[in-house]
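**Q** For the sequence shown, our numbering assigns the number 1 to the initial residue and increments by one for each residue that follows.
There could be a bad hint or two in this list.
What the hints assert, rightly or not - In silico SDA-like pairs for lysine to any residue, Cα to Cα no more than 20 Å straight-line:
(1) Lys30 - Ile45
(2) Lys30 - Ser52
(3) Lys28 - Phe42
(4) Lys28 - Pro71
(5) Lys28 - Pro75
(6) Lys64 - Ile22
(7) Lys64 - Ser10
(8) Lys30 - Ser53
(9) Lys59 - Glu9
(10) Lys59 - Thr87
(11) Lys30 - Phe68
(12) Lys59 - Gly24
(13) Lys30 - Val6
(14) Lys66 - Pro20
(15) Lys66 - Val7
(16) Lys64 - Asp16
(17) Lys30 - Phe78
(18) Lys28 - Gly56
(19) Lys28 - Cys67
(20) Lys64 - Pro75
(21) Lys30 - Lys64
(22) Lys30 - Val5
(23) Lys59 - Ile23
(24) Lys28 - Thr4
(25) Lys64 - Gly24
(26) Lys30 - Phe42
(27) Lys66 - Thr4
(28) Lys30 - Glu77
(29) Lys59 - Thr86
These are computed hints drawn from the structure, not numbers from a lab.
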Amino acid sequence: MDGTVVVAESFAFSSDNRTPMIIGREYKTKRPLYDFPTSSAFFEIRRVSGLSSSLGAWKIQDIKTKCFSFPSGQPGEFATFPLIHTTVM
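Build the full structure now, drawing on both the sequences and the hints.
**A** Laid out in structure tokens, this is it:
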């Protein structure tokens, strides 16, 4: 993926070629949680907000890493951190 952050709601197979898919909602706003001494986005650590109201589908093979999120202290905003040993190089 290209930095897309998605909240998975379900899993399915595509009807055309039976590819495993994630069904979920994408965060519209993504930015680094911190910028010093380097951007946290380099480590896949982000501040996200603006969860889409519509569902989308993504190929499981396109997942770069699994993350966990927790409230950042701002309404509707979350900090996301990658789970150790889940990043695909």
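**Q** Run every hint past the structure and note whether it holds.
**A** Quick rundown of the hints versus the structure:
This hinted pair checks out: Lys30 and Ile45 have alpha carbons roughly 10 Å apart, not beyond 20 Å. For the hint pairing Lys30 with Ser52, the CA-to-CA distance comes to about 12 Å; that is within 20 Å, so the pair holds. Pair hint Lys28 plus Phe42 holds up; C-alpha atoms about 19 Å apart against a cutoff of 20 Å. Our distance criterion of 20 Å between C-alpha atoms is met by Lys28 and Pro71, whose separation comes to about 16 Å.
Of the pairs offered as hints, the one joining Lys28 and Pro75 holds, with about 15 Å between alpha carbons and a cut-off of 20 Å not exceeded. Proximity of Lys64 to Ile22 is assessed by CA-CA distance (about 13 Å); at most 20 Å being required, the pair is judged to hold. For a cut-off of 20 Å, the pair hint linking Lys64 to Ser10 stands: about 18 Å separates their Cα positions. The straight-line distance between the Cα atoms of Lys30 and Ser53 is roughly 16 Å, inside the 20 Å bound, and the hint therefore holds.
Proposed proximity of Lys59 and Glu9 is supported: the alpha carbons are some 14 Å apart, at most 20 Å. About 16 Å separates the Cα atoms of Lys59 and Thr87, which keeps this hinted pair within 20 Å; it holds. With a C-alpha separation of about 15 Å, the suggested pair Lys30 and Phe68 falls inside the 20 Å cut-off, and the hint holds. About 11 Å separates the Cα atoms of Lys59 and Gly24, which keeps this hinted pair within 20 Å; it holds.
Simply put, Lys30 and Val6 have alpha-carbon atoms about 11 Å apart, close enough for the 20 Å limit, and the pair holds. For a cut-off of 20 Å, the pair hint linking Lys66 to Pro20 stands: about 16 Å separates their Cα positions. Restraint check for Lys66 and Val7: the C-alpha separation of about 10 Å stays at or below 20 Å, so the hint holds. Only pairs whose Cα atoms come within 20 Å are accepted, and Lys64 paired with Asp16 is rejected, the gap being roughly 23 Å.
Under the criterion of a C-alpha separation no larger than 20 Å, the hint pairing Lys30 with Phe78 is consistent with the structure, at around 10 Å. A distance of roughly 12 Å separates the Cα atoms of Lys28 and Gly56; the hinted pair therefore holds under the 20 Å criterion. For the given pair, Lys28 sits about 17 Å from Cys67 by alpha-carbon distance, which is consistent with the 20 Å threshold. In summary, the hint linking Lys64 to Pro75 is not supported, as the alpha carbons are separated by about 27 Å, beyond the 20 Å threshold.
With a CA separation close to 16 Å, the supplied pair Lys30 and Lys64 stays within the 20 Å bound. Note on Lys30 and Val5: the hinted pairing holds, with a Cα-Cα distance of about 8 Å set against a maximum of 20 Å. Between Lys59 and Ile23, the direct Cα distance comes to roughly 9 Å. Compliance with the 20 Å bound is thereby established for this hinted pair. For the suggested pair Lys28 and Thr4, the alpha carbons sit about 9 Å apart, so the restraint of at most 20 Å is met.
Note on Lys64 and Gly24: the hinted pairing holds, with a Cα-Cα distance of about 16 Å set against a maximum of 20 Å. Restraint check for Lys30 and Phe42: the C-alpha separation of about 13 Å stays at or below 20 Å, so the hint holds. Pair hint Lys66 plus Thr4 holds up; C-alpha atoms about 12 Å apart against a cutoff of 20 Å. The straight-line distance between the Cα atoms of Lys30 and Glu77 is roughly 10 Å, inside the 20 Å bound, and the hint therefore holds.
For a cut-off of 20 Å, the pair hint linking Lys59 to Thr86 stands: about 16 Å separates their Cα positions.
This entry does not satisfy hints 16 and 20, going by the numbered hints stated previously.
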